[in-house]
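Chains as they are written, first to last, in my numbering: chain U, 1 to 261; chain D, 1 to 212.
Derived by calculation from the structure, the hints in this document are not laboratory data. Please note that the accuracy of each hint is not assured.
Said to hold, decoys possible - Which bits of chain U does chain D cover? Going by a derived footprint, with three or more residues having C-beta under 8 Å, they are:
| # | region |
| --- | --- |
| 1 | 166-176 |
| 2 | 249-256 |
Claimed, not checked - Below are the DSBU-like pairs computed for lysine-lysine, each with C-alpha atoms no more than 30 Å apart in a straight line:
| # | chain 1 | residue 1 | chain 2 | residue 2 |
| --- | --- | --- | --- | --- |
| 3 | U | K178 | D | K133 |
| 4 | U | K177 | D | K189 |
| 5 | D | K8 | U | K254 |
| 6 | D | K175 | U | K177 |
| 7 | U | K95 | U | K177 |
| 8 | U | K254 | D | K68 |
| 9 | D | K16 | U | K254 |
| 10 | U | K178 | D | K16 |
| 11 | D | K176 | U | K159 |
| 12 | U | K248 | D | K8 |
| 13 | D | K113 | D | K100 |
| 14 | D | K8 | U | K178 |
| 15 | U | K254 | D | K203 |
| 16 | D | K175 | D | K188 |
| 17 | U | K92 | D | K175 |
| 18 | U | K254 | D | K96 |
| 19 | U | K177 | D | K96 |
| 20 | U | K159 | D | K123 |
| 21 | D | K8 | D | K127 |
| 22 | U | K92 | D | K62 |
| 23 | D | K175 | U | K159 |
| 24 | U | K254 | D | K176 |
| 25 | D | K113 | U | K254 |
| 26 | D | K68 | D | K176 |
| 27 | U | K254 | U | K96 |
| 28 | U | K248 | D | K96 |
| 29 | D | K62 | U | K248 |
| 30 | U | K248 | D | K175 |
| 31 | U | K178 | D | K68 |
| 32 | U | K35 | U | K248 |
| 33 | D | K179 | U | K254 |
| 34 | D | K188 | U | K254 |
| 35 | U | K159 | D | K8 |
| 36 | D | K100 | U | K177 |
| 37 | D | K202 | U | K254 |
| 38 | U | K159 | D | K127 |
| 39 | U | K248 | D | K100 |
| 40 | U | K248 | D | K68 |
Since the model is a prediction, treat every value here as computed from it, not as a measurement. Every residue, glycine too, gets a C-beta built ideally from N, C-alpha and C.
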Amino acid sequence: MKDVINLQIWQMASAYVFIVVLLIFVRIRGISREKEILISALRMTLQLILVGYILVYLFENINPLYTILVIIIMEIFAIYNIFKRTKTKLSKPLKKIIAISMLLGTLSSILYFLFIVVNISPWYDPRYFIPISGMIIGNSMTGISLGVTRLVDGMHTQKHLVESALMLGATPRMAAKKIVNNAFDSAILPTINSMVGMGIVFLPGMMTGQILSGISPITAIEYQIAIMLGILGSVSLTVILFINLGYKTFFNGKSQLVIGD
Amino acid sequence: MFLLKEVKYKNILNIKALTIPENKVTCILGESGSGKSTLLRLLNKLISYDRGEIFYNNQSLKEIDSVKLRRSVVMLPQSPAIFSGNIRDNLLIGLKFAEKPPVSDDRLHAVLKLVHLDEDLNKDAEKLSEGEKQRLTLGRVLLLDPHVFLLDEPSSSLDEDTEHIIISSLVDYVKKNNKTLIMVTHSKKVANHFADNTFEIKKATIINEGEV
Numbered sequence: 001m002k003d004v005i006n007l008q009i010w011q012m013a014s015a016y017v018f019i020v021v022l023l024i025f026v027r028i029r030g031i032s033r034e035k036e037i038l039i040s041a042l043r044m045t046l047q048l049i050l051v052g053y054i055l056v057y058l059f060e061n062i063n064p065l066y067t068i069l070v071i072i073i074m075e076i077f078a079i080y081n082i083f084k085r086t087k088t089k090l091s092k093p094l095k096k097i098i099a100i101s102m103l104l105g106t107l108s109s110i111l112y113f114l115f116i117v118v119n120i121s122p123w124y125d126p127r128y129f130i131p132i133s134g135m136i137i138g139n140s141m142t143g144i145s146l147g148v149t150r151l152v153d154g155m156h157t158q159k160h161l162v163e164s165a166l167m168l169g170a171t172p173r174m175a176a177k178k179i180v181n182n183a184f185d186s187a188i189l190p191t192i193n194s195m196v197g198m199g200i201v202f203l204p205g206m207m208t209g210q211i212l213s214g215i216s217p218i219t220a221i222e223y224q225i226a227i228m229l230g231i232l233g234s235v236s237l238t239v240i241l242f243i244n245l246g247y248k249t250f251f252n253g254k255s256q257l258v259i260g261d
Numbered sequence: 001m002f003l004l005k006e007v008k009y010k011n012i013l014n015i016k017a018l019t020i021p022e023n024k025v026t027c028i029l030g031e032s033g034s035g036k037s038t039l040l041r042l043l044n045k046l047i048s049y050d051r052g053e054i055f056y057n058n059q060s061l062k063e064i065d066s067v068k069l070r071r072s073v074v075m076l077p078q079s080p081a082i083f084s085g086n087i088r089d090n091l092l093i094g095l096k097f098a099e100k101p102p103v104s105d106d107r108l109h110a111v112l113k114l115v116h117l118d119e120d121l122n123k124d125a126e127k128l129s130e131g132e133k134q135r136l137t138l139g140r141v142l143l144l145d146p147h148v149f150l151l152d153e154p155s156s157s158l159d160e161d162t163e164h165i166i167i168s169s170l171v172d173y174v175k176k177n178n179k180t181l182i183m184v185t186h187s188k189k190v191a192n193h194f195a196d197n198t199f200e201i202k203k204a205t206i207i208n209e210g211e212v
């Protein structure tokens, strides 16, 4: 197998031609997005350089506390991002449910994946722990964000139907069933769709990265299949936990709907 | 059947005392915003009163499980709630919610006849007119066969003639089957013609109560 081509600074810099082309295009067309493009390119560069150095430090100074700290930071960032992404106002109990579902869903999936599927040693090996946790937490964050939006919107726009169901003698679970199922569906669908197109429409990032770094495509594929299943499991578990606990925050103990107009 | 004592709900309703008798047709009159619908919602335990007490069959509403109560005291809101699906789905969904066994198409046709809705059970319910939707939802609650019907302006989308026919057939059903009907209506004519009992709510309080 050939050696990996290490990119020189000038080679990396030449890739910024794509940004320059984009900037010229938006300038000519009068689309005022130059600032956003520049800031996002700059942020991406700085963030990745920073992460690169942090990872180098973590891999050279292996310590279980560092690994745990990184996972905690990832979880906090992901949960905060879900709150920020949702356009509608979230109630305090619902925010609590989001945080609990994310923590329980992702952590149990990460632990299962690392200790049963991959069987890493030592248990805190950051080379496995950090990237795999990142993928699982990131995908679960996207899934649960979609689920939250669909659940909150559904409960508000279909308030009349939910309340009518209660009037007819439905339990809160029955009254919210359709909205809950829709929320689950929209949360899980992107992961399922990405699995369908995988390998044909696109080569996933993790696999591409491994192949570029000289690992056999077969090994890369083995990892990719396992991680996709892990992601699907984590997204499902997180979303199932969220919707099954989350819909209850729209009702009180007397089976009454508690959504403001 | 229902006994209300010093019931207060926010600034919307303030009732000193009220009795709603069993196996009778009771009409609630009043201007819009006077608190009529709120009263029905309180009786269906969709909301809870701040003060006072409401008794249903001598038991405080606070002590009765909401879902259990609503399966005995069913409410129909003013604007018809249509669930996705056809007419059959919309009739059967009430039974599903109340955890009662489904019924045959013959029974569904009989209920549609009762509410004067001559339509195919497979027709998309969303395609019905407002008045037809209102009759469909009325059919849905009749199918549930509860002890008490709480109906909020069940004929608001109907013309006067149809209103008379529908309410008349509804009252017949209630009388024949020893049910209790509590109905909010804007029409004094309907109240005078069909009610055994009527009361009027004005500015959150009852101003006029009596047998017709």
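The hints, checked one at a time:
For a cut-off of 8 Å, the count of residues in the region 166-176 of chain U with a CB near a CB of chain D stands at 8, and the three-residue condition holds. Under the rule that three or more residues need a Cβ within less than 8 Å of chain D, the assignment of the region 249-256 of chain U holds, with 3 such residues. Using a Cα cut-off of 30 Å, the hinted pair K178 (chain U) and K133 (chain D) holds, with the two alpha carbons roughly 21 Å apart. Taking the CA atoms of K177 (chain U) and K189 (chain D), the gap is about 41 Å. The hint is violated against a cut of 30 Å.
For the hint pairing K8 (chain D) with K254 (chain U), the CA-to-CA distance comes to about 18 Å; that is within 30 Å, so the pair holds. Simply put, K175 (chain D) and K177 (chain U) have alpha-carbon atoms about 36 Å apart, too far for the 30 Å limit, and the pair is violated. Distance restraint check for K95 (chain U) and K177 (chain U): the Cα-Cα separation of roughly 21 Å lies within the 30 Å cut-off, and the hinted pair is therefore satisfied. A distance of roughly 11 Å separates the Cα atoms of K254 (chain U) and K68 (chain D); the hinted pair therefore holds under the 30 Å criterion.
For the proposed pair K16 (chain D) and K254 (chain U), the alpha carbon gap of about 24 Å is at most 30 Å, so the pair holds. At roughly 41 Å between alpha-carbon atoms, K178 (chain U) and K16 (chain D) are farther apart than 30 Å, so this suggested pair is violated. Taken as a hint, the K176 (chain D) and K159 (chain U) pair is broken in the structure, with Cα atoms around 35 Å apart against an allowance of 30 Å. Note on K248 (chain U) and K8 (chain D): the hinted pairing holds, with a Cα-Cα distance of about 27 Å set against a maximum of 30 Å.
Only pairs whose Cα atoms come within 30 Å are accepted, and K113 (chain D) paired with K100 (chain D) is accepted, the gap being roughly 21 Å. For the given pair, K8 (chain D) sits about 35 Å from K178 (chain U) by alpha-carbon distance, which is inconsistent with the 30 Å threshold. At most 30 Å may separate the alpha-carbon atoms for a hinted pair to count; K254 (chain U) and K203 (chain D) meet this at roughly 28 Å. For the suggested pair K175 (chain D) and K188 (chain D), the alpha carbons sit about 20 Å apart, so the restraint of at most 30 Å is met.
For the hint linking K92 (chain U) to K175 (chain D), the alpha-carbon distance of about 49 Å lies beyond 30 Å, and the restraint is violated. Taking the CA atoms of K254 (chain U) and K96 (chain D), the gap is near 20 Å; set against the 30 Å cutoff, the hint holds. About 12 Å separates the Cα atoms of K177 (chain U) and K96 (chain D), which keeps this hinted pair within 30 Å; it holds. At roughly 25 Å between alpha-carbon atoms, K159 (chain U) and K123 (chain D) fall within 30 Å of each other, so this suggested pair holds.
Distance restraint check for K8 (chain D) and K127 (chain D): the Cα-Cα separation of roughly 41 Å exceeds the 30 Å cut-off, and the hinted pair is therefore not satisfied. Note on K92 (chain U) and K62 (chain D): the hinted pairing holds, with a Cα-Cα distance of about 27 Å set against a maximum of 30 Å. Under the criterion of a C-alpha separation no larger than 30 Å, the hint pairing K175 (chain D) with K159 (chain U) is inconsistent with the structure, at around 33 Å. A hinted pair counts as satisfied when its Cα atoms are at most 30 Å apart, and K254 (chain U) with K176 (chain D) does not qualify at roughly 33 Å.
Annotation: proposed proximity of K113 (chain D) to K254 (chain U) is violated, straight-line Cα distance about 36 Å (limit 30 Å). Between K68 (chain D) and K176 (chain D) the alpha-carbon distance is near 24 Å, which keeps this suggested pair within the 30 Å criterion. For the proposed pair K254 (chain U) and K96 (chain U), the alpha carbon gap of about 21 Å is at most 30 Å, so the pair holds. Our distance criterion of 30 Å between C-alpha atoms is met by K248 (chain U) and K96 (chain D), whose separation comes to about 20 Å.
With a CA separation close to 20 Å, the supplied pair K62 (chain D) and K248 (chain U) stays within the 30 Å bound. For the hint linking K248 (chain U) to K175 (chain D), the alpha-carbon distance of about 39 Å lies beyond 30 Å, and the restraint is violated. Between K178 (chain U) and K68 (chain D) the alpha-carbon distance is near 22 Å, which keeps this suggested pair within the 30 Å criterion. As the CA atoms of K35 (chain U) and K248 (chain U) are separated by approximately 43 Å, the hinted pair breaks the 30 Å bound.
Of the pairs offered as hints, the one joining K179 (chain D) and K254 (chain U) holds, with about 26 Å between alpha carbons and a cut-off of 30 Å not exceeded. A threshold of 30 Å between alpha carbons decides the hint, and for K188 (chain D) with K254 (chain U) the separation of about 35 Å lies outside it, so the pair is violated. About 25 Å separates the Cα atoms of K159 (chain U) and K8 (chain D), which keeps this hinted pair within 30 Å; it holds. Between K100 (chain D) and K177 (chain U) the CA atoms are separated by roughly 18 Å; this keeps the pair inside 30 Å, and the hint holds.
Distance hint between K202 (chain D) and K254 (chain U) is fulfilled; the C-alpha atoms sit about 29 Å from each other, no more than 30 Å. Taken as a hint, the K159 (chain U) and K127 (chain D) pair is honoured in the structure, with Cα atoms around 21 Å apart against an allowance of 30 Å. The hinted pair formed by K248 (chain U) and K100 (chain D) meets the criterion: a straight-line CA distance of about 24 Å does not exceed 30 Å. Simply put, K248 (chain U) and K68 (chain D) have alpha-carbon atoms about 19 Å apart, close enough for the 30 Å limit, and the pair holds.
Hints 4, 6, 10, 11, 14, 17, 21, 23, 24, 25, 30, 32 and 34 from the earlier list are contradicted by this structure; the remaining hints agree with it.
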